[in-house]
Structure formats: structure tokens, C-alpha cells
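These protein sequence lines map, in sequence, to chains G and P. Residue numbers for the first sequence follow this note's numbering, beginning at 1 and rising by one. Residue numbers for the second sequence follow this note's numbering, beginning at 163 and rising by one.
In short, the hints are calculated from the structure, not lab data. In this text, all values refer to a predicted model and were calculated from it rather than measured experimentally. Using N, Cα and C, we set each Cβ at its ideal position, and we do this for glycine too. A portion of the hints provided could be inaccurate.
Stated by the list, open to error - Ranges of calculated distance between the beta carbons of each label pair, as one might list FRET restraints: (1) G/Pro17 / P/Thr222: 40 to 48 Å; (2) G/Asp16 / P/Gly233: 37 to 45 Å; (3) P/Pro235 / G/Lys50: 32 to 40 Å; (4) G/Glu63 / P/Lys238: 24 to 32 Å; (5) G/Asp73 / P/Glu260: 27 to 35 Å; (6) G/Ser88 / P/Pro235: 45 to 53 Å; (7) G/Lys50 / P/Gly257: 49 to 57 Å.
Stated by the list, open to error - SDA-like cross-link-like pairs, simulated, lysine to any residue; straight-line CA separation at most 25 Å: (8) G/Lys11 / G/His100; (9) G/Lys57 / P/Glu240; (10) P/Lys249 / G/Glu124; (11) G/Lys120 / G/Lys11; (12) G/Lys50 / P/Leu275; (13) G/Lys45 / P/Ala192; (14) P/Lys249 / G/Gly149; (15) G/Lys11 / G/Glu21; (16) G/Lys45 / G/Leu126.
As the list claims (entries may be wrong) - Here's a subset of chain G near chain P, in silico, CB distances under 7 Å, partners left out: (17) Thr44; (18) Val60; (19) Pro62; (20) Leu113; (21) Asp123; (22) Leu126; (23) Leu156.
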Amino acid sequence: MEICREGEALKISDLDPFLAELLRQIPMSANPEGAPTAEARLFTKPSAEKEVCAEWKSYVEPELRRLFRSATDTVAADLTQLNGNEKSLRNSTLCIPFEHADAWLNALNQARLVIAERNKFTDEELNDHDRSPIGSRRDLSLFQVNFYGFLQEFILREMESR
Amino acid sequence: MRGHCDNIFFMSAVSAVHAVQEGSTSTVEAPVRETESRSEEELDVPWQVVVHNDPVNLMTYVTMVFQRVFGYPREKAERHMLEVHHKGRSILWCGVRERAEFYVQQLHGHLLLATLEKVV
Numbered sequence: 001m002e003i004c005r006e007g008e009a010l011k012i013s014d015l016d017p018f019l020a021e022l023l024r025q026i027p028m029s030a031n032p033e034g035a036p037t038a039e040a041r042l043f044t045k046p047s048a049e050k051e052v053c054a055e056w057k058s059y060v061e062p063e064l065r066r067l068f069r070s071a072t073d074t075v076a077a078d079l080t081q082l083n084g085n086e087k088s089l090r091n092s093t094l095c096i097p098f099e100h101a102d103a104w105l106n107a108l109n110q111a112r113l114v115i116a117e118r119n120k121f122t123d124e125e126l127n128d129h130d131r132s133p134i135g136s137r138r139d140l141s142l143f144q145v146n147f148y149g150f151l152q153e154f155i156l157r158e159m160e161s162r
Numbered sequence: 163m164r165g166h167c168d169n170i171f172f173m174s175a176v177s178a179v180h181a182v183q184e185g186s187t188s189t190v191e192a193p194v195r196e197t198e199s200r201s202e203e204e205l206d207v208p209w210q211v212v213v214h215n216d217p218v219n220l221m222t223y224v225t226m227v228f229q230r231v232f233g234y235p236r237e238k239a240e241r242h243m244l245e246v247h248h249k250g251r252s253i254l255w256c257g258v259r260e261r262a263e264f265y266v267q268q269l270h271g272h273l274l275l276a277t278l279e280k281v282v
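For reference, chain G alone in the conformation it holds in the complex:
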């Protein structure tokens, strides 16, 4: 896989089918449905004060839901570039316009938080970036968290150098 900047976009080329599939899973992975702790992590309480929390739930939480949904929708739309290659063993290319960088950072973060909550990863596991080989579903989820983190780092670096 190669990542580089091309004009007003980030280009991820030579993307093997496995990594392409992980990218396709971002919007789905960001969905906390069926995992109350993941839902609670995305929509955390703002205060110990009950009155603040009640107002927050009514007025702020719906705004946050819209924001998160908008980010995953943008990412899902960009990912349609990879559609049709699901069964192919050929490598593919994905272009992320710079104007979508914030949406990508947000959606990748949502996905990382939800996966980490669903799997109850420990701090040691989350800091073990060289774990290999992938021998279980849990290992795969941890790899997914690290891969999405790597993409976030790259997007951040490119945003900063603009």
C-alpha cells in the first residue's frame, strides 16, 4: 500500500484486497448498535450535574448524532470508489479529497472507539502495535484499530503540511 498527496487529495494506491475490505468496513464499524458501552462512549455524559446532562440529552446529543452520521456518510460515499472490486484479487486505489479530511478523521475515530469498546481492549493491547500474526477475530479487530490509527496519523500529517 502506498499513500501520497496528489493535488487536493490523498491517494491510497496499491491497496490490497484485505486492506480495501478493512476500509470498506469503516462506516459499519462506527455503528455502536447493540453495544451499549460503545454507544455510551460516543455520547458521553458532559457533567456530574443531572440538570446539565438532561439538557445535553435533549439539545446537544441530537446534534452530535447528526455530525457523526454526516462524517460516516461522507466516508461511505468516498469508499464507493472501491465498489465492484470485492471479489477481485487486484489491488485498488482510493482518493480522499482534502475537504473530506475532517469527516475521515471523525469516522475513523468513531470506528476505533466502537471496536475498542466492543472488544474491551486493555491499555497494553492498544499499545502493542507490533502484534502478529493475526490468529483470532480479536487480533483482527486490534489490527483494524491500529490500521485506522495509522490512517488518521497520515491524514493529520498531511493536513498540517498543507
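Use these hints to put chain P onto chain G, whose structure you have.
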């Protein structure tokens, strides 16, 4: 949020003006004034914005969010990020409640663990 109450007040005022402009002959209801339920003493209490440690968010990402939300220079943002990382929490800002709520909303929008607390 208090901003919401202000909006309701504003909207009733706007509908009243529209009714007059359209030449409506029906009685225009006087806008309802929202009364502040918090005491002056309570309004004076400062609130602080606290960010808590979280093993998933990247350090570079947290720094970028602090720069963006608070307009802090990179060094200051990094100092707060490291305080969160090493001490488990950092106080990012202190002041009136409305502003503190706004900052916490921004931080939650970036998926950071943030709370607002009354300064004791």
C-alpha cells in the same frame, strides 16, 4: 441550553413582526419573556472544561483538537495533551457556563472525553 431559550424568544418576536408585515388583522400575541431560573450567585460560579485520558485517541489528534477548539498554540496544546496522558486529566479552560458548554460540545464532536465541572 440557554441559547435555545433565547432562540424561542427570538422566534416568537420574528413571527410577530411577520404577522404585522403581512397586514394581518388578527391579534398579535406578545412575545413571552423567558425568565432566568438560576440565581445571580449561581451564574457567577465559574465552570471548568476538563479533558480525561482515553487510551484510543491518538496524541497527535488530541493536540490538533485542542489547537482547533481553543485556538491554543501547538506548544500549549501539547502541554495539555501530555498532562491528560500522564495525569489522567487536564483543565483546558475556565469561565462562564455557556462558553464551557460550548467547548465541551466541540470536544465531544471530536470524540474526546470531556466534562464541565463547577469550580469549587
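Status of each hint after checking the structure:
1. G/Pro17 / P/Thr222: 40 to 48 Å: 29 Å, violated
2. G/Asp16 / P/Gly233: 37 to 45 Å: For P/Gly233 against G/Asp16, whose Cβ atoms are near 41 Å apart, the range 37 to 45 Å holds.
3. P/Pro235 / G/Lys50: 32 to 40 Å: 37 Å, holds
4. G/Glu63 / P/Lys238: 24 to 32 Å: The hinted range 24 to 32 Å holds for G/Glu63 and P/Lys238, with Cβ atoms some 28 Å apart.
5. G/Asp73 / P/Glu260: 27 to 35 Å: Holds: the Cβ-Cβ distance is about 30 Å, inside 27 to 35 Å.
6. G/Ser88 / P/Pro235: 45 to 53 Å: 48 Å, holds
7. G/Lys50 / P/Gly257: 49 to 57 Å: Violated: the Cβ-Cβ distance is about 22 Å, outside 49 to 57 Å.
8. G/Lys11 / G/His100: 13 Å, holds
9. G/Lys57 / P/Glu240: Cα-Cα ~31 Å, so violated.
10. P/Lys249 / G/Glu124: Between P/Lys249 and G/Glu124 the Cα gap is close to 18 Å, so the pair holds against 25 Å.
11. G/Lys120 / G/Lys11: Violated, because 33 Å separates the two Cα atoms, which is more than 25 Å.
12. G/Lys50 / P/Leu275: 18 Å, holds
13. G/Lys45 / P/Ala192: 37 Å, violated
14. P/Lys249 / G/Gly149: Distance of about 23 Å is within 25 Å: holds.
15. G/Lys11 / G/Glu21: Holds - the C-alpha atoms of G/Glu21 and G/Lys11 are around 17 Å apart, at most 25 Å.
16. G/Lys45 / G/Leu126: With a Cα-Cα distance of about 24 Å, the restraint between G/Lys45 and G/Leu126 holds, given a limit of 25 Å.
17. Thr44: 6 Å, holds
18. Val60: Constraint on G/Val60 satisfied, holds at 5 Å.
19. Pro62: Cβ of G/Pro62 sits 12 Å from chain P, so the hint is violated.
20. Leu113: 5 Å, holds
21. Asp123: At about 5 Å, which falls below the 7 Å cut-off, the nearest Cβ of chain P leaves the hint on G/Asp123 intact, so it holds.
22. Leu126: This hint holds: G/Leu126 lies near chain P, its Cβ roughly 5 Å from the closest one there, short of 7 Å.
23. Leu156: For G/Leu156, the interface hint holds, since the closest Cβ of chain P sits about 5 Å away, which is under 7 Å.
The structure does not agree with the numbered hints 1, 7, 9, 11, 13 and 19 stated previously, though it agrees with the rest.
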